[in-house]
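Protein chains in written order, with this note's numbering: chain A, 1 to 411; chain B, 412 to 822.
Please keep in mind that the hints were generated in silico from the structure rather than gathered at the bench.
Honestly, I wouldn't trust all of these hints.
[As the list claims (entries may be wrong)] Sample of chain B residues at the chain A side, in silico, Cβ under 7 angstroms:
no.: 1; residue: L434
no.: 2; residue: G441
no.: 3; residue: K444
no.: 4; residue: E448
no.: 5; residue: L453
no.: 6; residue: M455
no.: 7; residue: G457
no.: 8; residue: S471
no.: 9; residue: G474
no.: 10; residue: E487
no.: 11; residue: E505
no.: 12; residue: E541
no.: 13; residue: R641
no.: 14; residue: F647
no.: 15; residue: L659
Virtual Cβ for every residue (Gly too), placed ideally from N, Cα, C.
Protein chains: 2
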Amino acid sequence: MMWMNQPVPALLVAGGEVDKLPLQLLVVFGFAKLLAEVAQRLRMPGIVGGLVAGIVIGPSGFGWIQYDELLHAMAELGVMFLLFQVGLEVKASELVRVGKVALLSAVLGVALPFVAGWAIMVAAGHPQIESIFMGAAMVATSVGITAQVLASKGVLSHRTAQVILAAAVIDDVLGLLVLAVVSSMARAGGADWAGLAVSTVVSVVFVLAVAKYGSRTAGLVVPRLTQSLRVDEAEFAVAVTFLFVMALLATYSGVAAIIGAFLAGMALAETASHHLHTLVRGAGELMVPFFLASIGLQLDTSVFRSGSTVVLALVILAAAVASKWIGCGLGAFSLGWKDAARVGAGMVPRGEVGMVVAQVGLKAGAITQPVYGVAVFMAVLTTILAPPVLNFLYKGVEPVPRSSPPPVELG
Amino acid sequence: MMWMNQPVPALLVAGGEVDKLPLQLLVVFGFAKLLAEVAQRLRMPGIVGGLVAGIVIGPSGFGWIQYDELLHAMAELGVMFLLFQVGLEVKASELVRVGKVALLSAVLGVALPFVAGWAIMVAAGHPQIESIFMGAAMVATSVGITAQVLASKGVLSHRTAQVILAAAVIDDVLGLLVLAVVSSMARAGGADWAGLAVSTVVSVVFVLAVAKYGSRTAGLVVPRLTQSLRVDEAEFAVAVTFLFVMALLATYSGVAAIIGAFLAGMALAETASHHLHTLVRGAGELMVPFFLASIGLQLDTSVFRSGSTVVLALVILAAAVASKWIGCGLGAFSLGWKDAARVGAGMVPRGEVGMVVAQVGLKAGAITQPVYGVAVFMAVLTTILAPPVLNFLYKGVEPVPRSSPPPVELG
Chain A
1 MMWMNQPVPA LLVAGGEVDK LPLQLLVVFG FAKLLAEVAQ RLRMPGIVGG LVAGIVIGPS
61 GFGWIQYDEL LHAMAELGVM FLLFQVGLEV KASELVRVGK VALLSAVLGV ALPFVAGWAI
121 MVAAGHPQIE SIFMGAAMVA TSVGITAQVL ASKGVLSHRT AQVILAAAVI DDVLGLLVLA
181 VVSSMARAGG ADWAGLAVST VVSVVFVLAV AKYGSRTAGL VVPRLTQSLR VDEAEFAVAV
241 TFLFVMALLA TYSGVAAIIG AFLAGMALAE TASHHLHTLV RGAGELMVPF FLASIGLQLD
301 TSVFRSGSTV VLALVILAAA VASKWIGCGL GAFSLGWKDA ARVGAGMVPR GEVGMVVAQV
361 GLKAGAITQP VYGVAVFMAV LTTILAPPVL NFLYKGVEPV PRSSPPPVEL G
Chain B
412 MMWMNQPVPA LLVAGGEVDK LPLQLLVVFG FAKLLAEVAQ RLRMPGIVGG LVAGIVIGPS
472 GFGWIQYDEL LHAMAELGVM FLLFQVGLEV KASELVRVGK VALLSAVLGV ALPFVAGWAI
532 MVAAGHPQIE SIFMGAAMVA TSVGITAQVL ASKGVLSHRT AQVILAAAVI DDVLGLLVLA
592 VVSSMARAGG ADWAGLAVST VVSVVFVLAV AKYGSRTAGL VVPRLTQSLR VDEAEFAVAV
652 TFLFVMALLA TYSGVAAIIG AFLAGMALAE TASHHLHTLV RGAGELMVPF FLASIGLQLD
712 TSVFRSGSTV VLALVILAAA VASKWIGCGL GAFSLGWKDA ARVGAGMVPR GEVGMVVAQV
772 GLKAGAITQP VYGVAVFMAV LTTILAPPVL NFLYKGVEPV PRSSPPPVEL G
């Protein structure tokens with residue numbers, strides 16, 4: 001019917017805008033899975049394939065798929081389910097136990113990258129505000145990819161995994177503060193310190209309250225609620241509604257939606273049934289490839305026309321990897337150098353969070369298009385480089401058996 | 412952070428456009444599940460709750476949610492998974508066995524509604540082309556809702572369920588032809604009969620080839636492919652890729668993407684593992700509520716300002732129910748009047764398909780806004796009325812035990 005060039009195909013897809021939907025779904029999902037298979041055969045984590053798929057099919061590759069609002073939303077849903085699944089495998093009490101190490105690791109892992117990014121940009125002759133934004137973009141870790149790798153290796157209960165997860169939550173709060181400060185510097189008026197203090201308190205209280213009381217409360221409420229409901233798959237309905245509530249509360253309190261999703265999963269970790277785990281995994285299996293591909297899709301190699309931009313990108317990338325690794329590693333040095341190296345490597349991926357900071361800077365006119373491209377390059381490449389390194393560093397670490405269902409395995 | 416009115420919340424959601432995502436997800440999913448629970452307690456199928464939720468939260472209700480491109484895409488994905496799940500429960504050989512009854516039922520179930528819709532509009536003084544479009548909008552059955560109700564009652568193996576599913580596939584091909592003809596009438600040039608003949612042949616060949624050879628081929632290829640892959644959850648990756656391929660081929664050959672999804676499920680029905688069923692159900696549980704709500708979201712009661720439009724809407728609704736029920740029932744009369752009534756009732760919902768026809772007419776300038784509103788009203792109400800009727804008609808029908816996994820139960 002396509003060759004008839006008449007309104008009939010509209011019957012099939014309801015509105016020309018989404019004509020492309022089945023094709024888009026097939027290309028993104030199919031390539032993510034195809035390259036995940038290739039990655040596995042090359043003894044790399046399958047997740048790398050999903051990330052590379054986005055580069056291959058996107059503007060930097062064949063240009064078949066553009067990153068649009070729809071893919072963005074599906075990616076958001078995918079990363080929410082990814083973190084929710086990870087949360088389901090993690091007990092809050094275990095995270096609280098490693099709290100001090102995680103706090104130190106997060107603080108040093110924020111300070112070093114910020115200083116490194118700022119110093120490099122200033123040395124390269126960029127304006128102060130642009131340099132500060134690059135530093136800010138290098139601050140925030142995106143823990144989804146690391147969590148995925150650790151889950152598929154069955155080591156989420158390893159103490160380094162717990163430090164990484166706890167540090168990532170703290171890192172998100174710190175990243176929020178850094179972005180708030182630099183955003184207000186980009187505006188004429190200067191920082192709104194009172195507002196900043198309020199949001200700090202709100203976000204910290206939110207995270208602590210959920211981590212401390214969420215599990216106990218959910219353990220009391222959810223099973224009873226589920227039992228009293230007659231709707232099909234009531235446990236899934238309750239769990240996913242809770243996930244969306246927590247994601248929303250997280251954004252209202254100032255932290256990322258995915259932190260809410262992680263906390264929601266953690267609150268349900270001790271009561272979730274095996275059946276719920278499998279249903280959530282099914283939803284995740286469908287949506288996560290869109291998240292992975294969306295990262296590579298955002299890479300835009302067209303900004304690398306000048307040699308100096310390429311050099312800047314490589315220097316920034318090296319600094320982003322080294323400063324995070326060293327900063328977080330130093331913070332976790334009390335665990336011994338091997339585990340410290342694991343924690344540092346796990347915090348390296350900046351993923352979607354780094355890109356968002358760069359977008360804010362671009363919209364505020366604080367950074368130029370080439371510098372934006374460099375920040376995105378840094379965010380994408382740190383994310384792609386981390387899984388093979390983690391794979392290597394965790395070689396020989398025994399999967400930790402858990403009483404709960406099998407580990408999350410997405411690819 | 413929201414009260415600070417500064418770019419910081421962008422950190423949380425990457426671009427103001429999707430600021431609303433977690434809230435949108437929560438409202439749509441949460442209300443669909445909440446009202447499904449209410450429906451179950453009123454001894455109605457849970458699916459009715461999902462449909463009504465769309466009305467409650469949409470423009471006809473509180474107006475919290477607008478039907479946008481994103482919800483449309485999620486609804487598409489939801490209905491694809493719904494039909495895929497149904498296909499997984501159905502054997503092609505069983506559908507072929509009821510082919511003759513289904514064909515007669517589908518043909519009469521297309522002819523009567525078309526004539527009824529056209530005649531009523533002409534009698535009410537509407538132009539010929541507008542009357543013909545209303546007839547066309549009343550033709551196409553949307554089988555998803557019925558399939559859902561039958562699956563949740565465990566009667567997908569009942570012969571009436573098989574007639575309904577087979578008739579729905581034939582109905583979709585017929586509906587395509589009717590729309591092609593009326594669309595070309597709406598254009599100046601008249602019908603392109605050669606192109607029409609080609610698309611008829613292509614769509615019929617596609618459906619027959621998949622129904623006849625799909626299962627055998629998939630039975631040979633998929634298990635071997637799955638075994639040879641190293642990617643995590645390989646069976647799910649293969650099955651979902653196959654689903655998207657079939658949805659795409661379906662749209663290329665002229666039928667709806669959901670028909671491709673149904674055929675894909677059917678081709679895998681005999682080889683799918685229990686684990687695959689559960690993963691697919693998880694994905695469906697997440698996405699289907701968006702499909703259900705999207706139907707109610709499209710209802711627009713603002714066109715009902717004049718009494719004559721209200722009367723027209725009610726007459727058209729009554730005619731749409733009666734003509735489909737009687738037409739399909741007559742075609743299935745060889746099964747006895749009880750089963751004929753079940754088949755007829757199962758074919759009543761027009762759902763998204765009827766709305767698309769009306770959209771085509773609106774865009775072509777063939778129908779006016781109030782008549783478009785009437786067609787949407789008809790499509791939404793036939794869809795909401797059918798489940799309770801089916802629930803009543805299938806009372807006392809024993810669930811048919813299957814060797815394969817438990818029935819699809821979404822709500």
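- Going through the earlier hints one by one, which of them does the structure break, listed in rising order? Result: hints 5, 6, 8, 9, 11, 12 break, sorted rising.
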